[in-house]
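Visitor: These are the residues of each chain, in order.
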Amino acid sequence: MTTAPERIVVVGASLAGLTAAQHLRARGYAGALTLVGDEPHRPYDRPPLSKQVLRGLFSADTTLPHPPDLGVEFRLGQPATRLDLSERAVELGDGSRLPYDRLLIATGTRARPWPDPEEAALAGVFTLRGRDDAQRLGARLQARPDRVVLVGGGFIGFEVASTCRDLDIPVTLLVRDAVPLAAALGPRLGGLIGDVAREKGVDLRLESEIERMEARDGHLVAVTLKDGTRIESDCLVAAIGTLRNVEWLAGSGLEADAGGLRCDAFCRALHEDGGVAEGVFAAGDVARWPNPHDDDALVAVEHWGNARAQGETAAANMLAGDASAMRRHDHLPDFWSQQFGLTIKLVGLAEGADSFAVMHGSLEERCLLAAYGRDGRTIAAASIDSARWLPAYKAAIRERAPFPPIADAVDQPRLRVQEP
Amino acid sequence: MSGSTLFEQILDPAHRANPYPLYAEMRRVPVARQADGTYVVSTHTELARLISDPRISSDDLPDPQKFRWTGHPVTDLLVRPVRAEIRKRHRPFIFRDPPDHDRLRGQVMRCFTPERVRGMRGKTQKITDDLIGKMRGKTRIDLVDDFSYPLPVTVICELLGVPPEDEAQFHGWATQLATALEPNQRGDEETQAKNEVCFNEIADYLQGLIKEKRKDPQQDILSDLANDGDGMNDFDLIATAVLLLVAGHETTVNLITNGMLTLLRFPEHGARLRAEPDLAPRLIEELLRYEPPVHYRTRLALADIPVAGITIPKDAPVIFLLAAANRDPTRFPDPDRFDPDRPDNRHLGFGGGLHYCVGAPLARIEAEVALVSLVRRLKGVSLIEDPPPYRPGASLRGPRHLRLALEGVAE
Ligand SMILES: Cc1cc2nc3c(=O)[nH]c(=O)nc-3n(C[C@H](O)[C@H](O)[C@H](O)COP(=O)(O)OP(=O)(O)OC[C@H]3O[C@@H](n4cnc5c(N)ncnc54)[C@H](O)[C@@H]3O)c2cc1C
Ligand code: HEM
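Chains as they are written, first to last, in the UniProt record's numbering: chain B, 1 to 420; chain D, 1 to 411.
Just chain B, same shape as in the assembly (with noise of 0.2 Å):
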């Protein structure tokens, strides 16, 4: 039994920490309590920045609600550079030194920069990660860019684009696969929300690069495809996925790297050595965790859903003290996207699927719920407009049901297991 804690520190102040500093409190830990992140902002709410704040409905202000006696030291604009595990404590770009008796990381990803580091720093050019991101991305819509160029085919790049078509601004997609969303929903489900992207104006062109970008002092002016195809256009945004942050943990002992940071079940960070980290822990997308729904499978999620579970899973584990009263992780992952007027759900991981079925509604009415299955188990399910029996199916996928997993059910169009 390790002692109580009466230090914790938090570092990445976004989704998760904040979760994890709530449960903490409810939990009545009462001691000190610090949230350390490099943004200036109090953590704030990501979903909302490719959609309702691109359109201008939403300001870019979507701080997290959280009581104001919620007892926290708030580290501000200020980075965490080095973590000392044998003194217990992290390093403060500004050179100050916070002692912890736990440690949370929760220090999430970033948007992938544009590889080439000339082009990325042209004007014009964007990504979307953060609340300043979308704000400067969100007034150069509002000045109405005579075409958008995004680059990347999941599903910011297609929010995006939907944005914009809301906005009726000209929109080119460029997608490197054949398929969009094709790693999150497969070919189907991706294909189709291609096809209602096209319907809805947006020029998608599948198997497309850039080879180069054209600029006329500093400032984005066309791009050239690999094709030669010339676009013009001086707005640009890259949306080709997050690399994780944990460049600060270098050196420190702990097992990260561009995969994640190694946790067990528990939340409780590793060391290379495969040892538990005493006393630290991690939590959100820079969590790369044994999933118990796929055999234990490390994978990392970066969906909205899974910050919050595992930050209050990895509060209650931080007030443990021994691994003995700690809870797994056990979330099932669960993620929600709206473009082109569309909702689709997401639960379980559909990625590496080997079978598909329609189970209500059809592809043809873009109302359907559909379930996915790999080696006779049914392992995610999806849905578009229609998530109301998504709950049955995530008891379905947690209980391992055999694929397809429900049969007989109202409204069942005669199944037909097909390919993803």
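I should point out that these hints are in silico values taken from the structure, not numbers from a laboratory. Cβ atoms here follow ideal geometry from the backbone N, Cα and C, with glycine treated the same way. Among the clues, some could well be false.
[As the list claims (entries may be wrong)] Label-pair restraints from in silico Cβ distances:
1. B/Asp195 with D/Thr113: 30 to 38 Å
2. B/Ala183 with D/Asn200: 54 to 62 Å
3. D/Asp386 with B/Ser59: 49 to 57 Å
4. D/Ala360 with B/Glu247: 48 to 56 Å
5. B/Asp227 with D/Ala360: 54 to 62 Å
6. B/Ala323 with D/Pro333: 26 to 34 Å
7. D/Thr5 with B/Ala407: 27 to 35 Å
[Unchecked claim] Listed below are several chain D residues computed to face chain B (Cβ distance under 8 Å; list not exhaustive):
8. Asp53
9. Arg55
10. Ser57
11. Lys314
12. Pro317
13. Glu407
14. Gly408
[Unchecked claim] Derived coverage of chain B by chain D (criterion: at least 3 residues anywhere in the stretch with Cβ under 8 Å from a Cβ of chain D; other residues may be distant):
15. 249–255
16. 410–420
Dock chain D with the ligands against the given chain B, drawing on the hints supplied.
Guide: Here is chain D with the ligands on its own, set in the frame of chain B:
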């Protein structure tokens, strides 16, 4: 009552005034098989899960029973069987599954706009004021007959677009047809026969009204539905109108009556509501948890459904005991306490899943206006009898009368 199952005891009118101890016993087995093969779901976790399960059907209306012969061949062999078949095919959407359910409900939701519902507040206040005005000079009233009953029918008639002069007829029809939503009554032959007569009357009436609304559309729901481009056919339209009338009727009556009863049983909350009308929304949510107007709904299992360690077999009737789940101590700490300040009050008073109450926003407005006005204007109110006499229904459960003594009516 030895030998009878727990659910049979719940149906027994002797337990109508206080079924809650039986519910507590019921919850000891979250999904409990009864001797007749029915499965009763009474805990919050299991109910919340099953109410959104696609293997659970709402299409559980019993087939119409054999007719009693009238002796007129045309009636017996043609008119009645055809009407029965039409009624079965065009049953109201509360008894239907997707995709039909969604199509019909979607059309109703389109005309139940938030603006239209909010717009009913003023009208509701006026009806309320009129009804309370009529209590002047009385020292005794029956809240049910004098207030809770007339209010919702008038509101829904206004919303649907039933002319005021025909409203009186609707009161009678609504009362009779509510038995169709009452699972422990709708099966019996006499009720079915009465319902048939009544349904035919209301259907004929509505058929005429729909014709008028097509010729001369007004600002009301029936006009909107009758003139909707990809609209429903007349049979579905009539069934839908009847559903709106009936579903919004006995329920709201109970909410208002239970509300007043509860406020008189716990006078500190009545006093608080009088001083602090902003409390009304929270107080009404707590009422919907604590004394819900709808105690249970029935369903049918379409497949074997594993839940809470057992399997509900295909074709088994299922009962969602909403009122028991509302008092589940694992979800609501200290569940038998009436506490409007309860945080995170996710009661099941309006059901859940895809049949979640269409009229919830309207019902909330009606209850708010009614209860705030009653506590403010009725002076020196007390219960003449407690418990009051209850209506026979165990699902749509509420007092038949709520006799109150009054000292006066304030302006
Ligand atoms: C535009 C956008 C839209 C999204 N939409 C959805 C959606 O619809 N649905 C969904 O499920 N998810 C969505 N997400 C993902 C979701 O927002 C993330 O999963 C969530 O924010 C993760 O929270 P986190 O606390 O783990 O990490 P983050 O939110 O990334 O926070 C980490 C914080 O740590 C800070 N930090 C990093 N390094 C250091 C350091 N060394 N010292 C101090 N501070 C540091 C970072 O600056 C950041 O403030 C979206 C994300 C974005 C960007
Ligand atoms: C206090 C008042 C009310 C309560 C407690 C209540 C309760 C409920 C409940 C529990 C259901 C779910 C039925 C099921 O799942 O089988 C329901 C459905 C329904 N209610 Fe209400 N109701 C109230 C008022 C109203 C009003 C005022 C209206 C109409 C104006 C209305 C119209 C409906 C309709 C149409 C349905 C069927 C929805 C569907 O099947 O999709 N209700 N109600």
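Visitor: Double-check D/Asp53 for me: the hint is only fine if its C-beta lies closer than 8 Å to a C-beta in chain B.
Guide: At 4 Å from the nearest chain B Cβ, D/Asp53 passes the 8 Å test, so the hint holds.
Visitor: Is it true that B/Asp195 and D/Thr113 lie within 30 to 38 Å of each other by Cβ?
Guide: Between B/Asp195 and D/Thr113, where Cβ atoms are some 31 Å apart, the hint holds.
Visitor: Just to make sure I understand the rule, a stretch counts as covered if three or more of its residues have a C-beta closer than 8 Å to a C-beta of the chain. Does the segment 249–255 of chain B meet that for chain D?
Guide: violated (count 0)
Visitor: Would the stated hint for D/Gly408 survive a check requiring a Cβ distance to chain B of less than 8 Å?
Guide: Hint violated; D/Gly408 Cβ to chain B Cβ min 46 Å, cut 8 Å.
Visitor: For the hint on D/Glu407, does the least C-beta distance to chain B fall short of 8 Å?
Guide: violated (45 Å)
Visitor: Between B/Asp227 and D/Ala360, is the Cβ distance one that fits in 54 to 62 Å?
Guide: With a Cβ separation near 55 Å, B/Asp227 and D/Ala360 satisfy 54 to 62 Å, so the hint holds.
Visitor: Double-check D/Lys314 for me: the hint is only fine if its C-beta lies closer than 8 Å to a C-beta in chain B.
Guide: Because about 7 Å separates D/Lys314 from the closest Cβ in chain B, which is inside the 8 Å limit, the hint holds.
Visitor: Check the following: the C-beta atoms of D/Asp386 and B/Ser59 are separated by a distance inside 49 to 57 Å.
Guide: This hint holds: roughly 54 Å between Cβ atoms.
Visitor: Are three or more residues of the segment 410–420 of chain B within 8 Å, CB to CB, of chain D?
Guide: Result for this restraint: holds, n = 3.
Visitor: Under 8 Å, Cβ to Cβ, is where D/Ser57 needs to be relative to chain B, so tell me if that hint holds or is violated.
Guide: holds (5 Å)
Visitor: Hint validation: D/Pro317 versus chain B, beta carbon distance must be below 8 Å. Holds or violated?
Guide: violated (16 Å)
Visitor: Can you let me know if the beta-carbon spacing of D/Ala360 and B/Glu247 is within 48 to 56 Å?
Guide: For B/Glu247 against D/Ala360, whose Cβ atoms are near 51 Å apart, the range 48 to 56 Å holds.
Figure legend: structure checked against the earlier numbered hints; hints not met, in rising order: 12, 13, 14, 15.
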